[in-house]
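Q: Read off the chains here:
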Amino acid sequence: MSEGRVRGPVSQLVQASGAVEVPQTSAPVFPRGRLPVLAVEDLSIRLLLHRERTRSIREYVIRMVKGRKGERDEFWPLRAISFTVHSGEIFGVIGANGAGKSTLLKVIAGIIPPSVGSVVVRGRIAPLIELGAGFDPYLTGRENIFLYGSLLGFSQKELERRFARIVEFAELEEFIDVPLMNYSVGMSARLGFAIATDVEPDLLLIDELFSVGDAAFKEKCEARMETFKAKGVTILLVSHDLKLIQDTCHRALCLHHGQAIAIGPTDKVVAEYNKFSTLSSPS
Amino acid sequence: MATNPVRSGMYLADHSSTGPLRTILRYRELLRQLVIREIKLRYKRSALGFAWTVLNPLLAMIIFTMVFSKIFSGQPHYPLYVFTALLGWNLFSLGTSRGLDSVVLNGPIIRKVFVPKAIFPVAAIVSQIVNFVFTLVPLFLLMIATGAGFSLSLLWLPVPLLSLTCFALGIALLLGTFNVFFRDVKYFYEAGLLAWFYATPIFYPAEIIPSKFKLLLHLNPMYGLLESLRAPIYQGTAPAAVALISGLALSLATLAVGWIVFHRFESRFIHYV
Chain A
8 MSEGRVRGPV
18 SQLVQASGAV
28 EVPQTSAPVF
38 PRGRLPVLAV
48 EDLSIRLLLH
58 RERTRSIREY
68 VIRMVKGRKG
78 ERDEFWPLRA
88 ISFTVHSGEI
98 FGVIGANGAG
108 KSTLLKVIAG
118 IIPPSVGSVV
128 VRGRIAPLIE
138 LGAGFDPYLT
148 GRENIFLYGS
158 LLGFSQKELE
168 RRFARIVEFA
178 ELEEFIDVPL
188 MNYSVGMSAR
198 LGFAIATDVE
208 PDLLLIDELF
218 SVGDAAFKEK
228 CEARMETFKA
238 KGVTILLVSH
248 DLKLIQDTCH
258 RALCLHHGQA
268 IAIGPTDKVV
278 AEYNKFSTLS
288 SPS
Chain B
8 MATNPVRSGM
18 YLADHSSTGP
28 LRTILRYREL
38 LRQLVIREIK
48 LRYKRSALGF
58 AWTVLNPLLA
68 MIIFTMVFSK
78 IFSGQPHYPL
88 YVFTALLGWN
98 LFSLGTSRGL
108 DSVVLNGPII
118 RKVFVPKAIF
128 PVAAIVSQIV
138 NFVFTLVPLF
148 LLMIATGAGF
158 SLSLLWLPVP
168 LLSLTCFALG
178 IALLLGTFNV
188 FFRDVKYFYE
198 AGLLAWFYAT
208 PIFYPAEIIP
218 SKFKLLLHLN
228 PMYGLLESLR
238 APIYQGTAPA
248 AVALISGLAL
258 SLATLAVGWI
268 VFHRFESRFI
278 HYV
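Sequence order for the protein chains is A and B. All you need for this note's numbering is the position in the first sequence, starting with 1, plus 7. All you need for this note's numbering is the position in the second sequence, starting with 1, plus 7.
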């Protein structure tokens, strides 16, 4: 880690208070002079359950005949979330299952469009969300590197340049021309990790920590994460592991039923989360 | 569809801020990979493999010739007459039926990574163009075998091909959008496609259609498109100007409608695939 940027509050320019209610900012999203890598403003995702459920014309007709008697079955997986993440910052997202953590990551990755509000990302995103999405079991490891790589937005030239390094990192030299269906789970996970992380991203999105492969490979993964941190890559980390969040993140956001209950320095947010979870689930 | 009372949100990132067409162009490597995957995997584990792309219409042509060449003996070079139209029809029917299903089939990808969704129908159509190009080889052999001969008018071929492609892509985008919300569309279309095949002069000459149905024939876009394709190959003449221009105009209009509808609804696909 460079410039003494160890754990601790980094930028308190925008919303560093452990706010219980997230205020709707009317100030410009970007403070002049220092552009955030990620700016999320008043973000909400709304699902209309009756609408999103209809699957066939038969159901549709039945619903038309019956009418929608004032159905108010809206569901908000995320509601009025605002935060900014600055260059070089490691930002954690915590919350119970179903709090909206993964949905938030998917919105930032561009998979789910916001219903309200805005998400602005500057630079290249490397989403380590579902490693190996789009892997085709009938194609070989080599072919899958090009398929998955192109899915992540790499050009053919880039992939050719990175190919040897990817294969070496995944330790799959002997099996690279074997169809993926003959790989073990660990092997394809290693390949997915190797492809997705062989990048120079501006923003790294991580959903949980991957327990990929054996101890030796895990060490390699961690080493790669360390180089990202050392390079000052901005990281958004979603995890259940409070200790991990406390050890690595400068700031954090705590979600509960799609709403932000705390944003700010990690220690405060984790304390808030602990207080909240003991309150809501006395067991 | 109910109107959305909530103003729509905004997402801006390097890969989404450039508009749908530019985004697809940026993902051209993915397009290439999807086409390669389609061609490689279509006939996986078959001994003849990719040769089936060529054999399939050839076998169909042979059967039509065996059954109908006596009935339509007035039609010179009947095998070539059928084969030419079959190639065009296959490009359209396979392209649209696979294209309209492609968004749903690639749901697992759409749910996990950002990807310009129109790339899947586009890849389905492009795969069929690649197949079409390969079937030109047996087509030319057939032209020699039947003694139909070549003419310079073959240079017209790219124009009806472009029309067919645009028309197919437009239909694939339009029906592909509906199919995300109602999976029934796929099955309706498959049945409709069969009726459409018989309603189009592919294995029979247009002249046998009774005059009271002539209007229907001219309302069928595939009639004009396939006739334009036939002209340079089968008749050895330039396509009729009216058919060529109206076909191209209709195809571009279909593509525009399909494109607009697709991009109007694509942000909601994620909740359905």
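Any given hint could turn out to be false.
Far from chain A, some chain B residues (derived; all Cβ distances over 10 Å) [said to hold, decoys possible]:
id : residue
1  : Met17
2  : Pro228
3  : Ser274
With a straight-line Cα cutoff of 30 Å, these simulated DSSO-like cross-link-like pairs (lysine-lysine) come out [unchecked claim]:
id : chain 1 : residue 1 : chain 2 : residue 2
4  : A       : Lys227    : B       : Lys51
5  : B       : Lys77     : A       : Lys164
6  : B       : Lys47     : B       : Lys119
7  : A       : Lys250    : B       : Lys51
8  : A       : Lys275    : A       : Lys250
9  : A       : Lys238    : A       : Lys225
The hints are simulated quantities; they were obtained by calculation from the structure and are not laboratory data. No residue lacks a Cβ here, since even glycine has one placed at the ideal position from N, Cα and C.
Q: Determine which of the earlier numbered hints do not hold for this structure and return their numbers in increasing order.
A: 1, 3, 4, 5, 7
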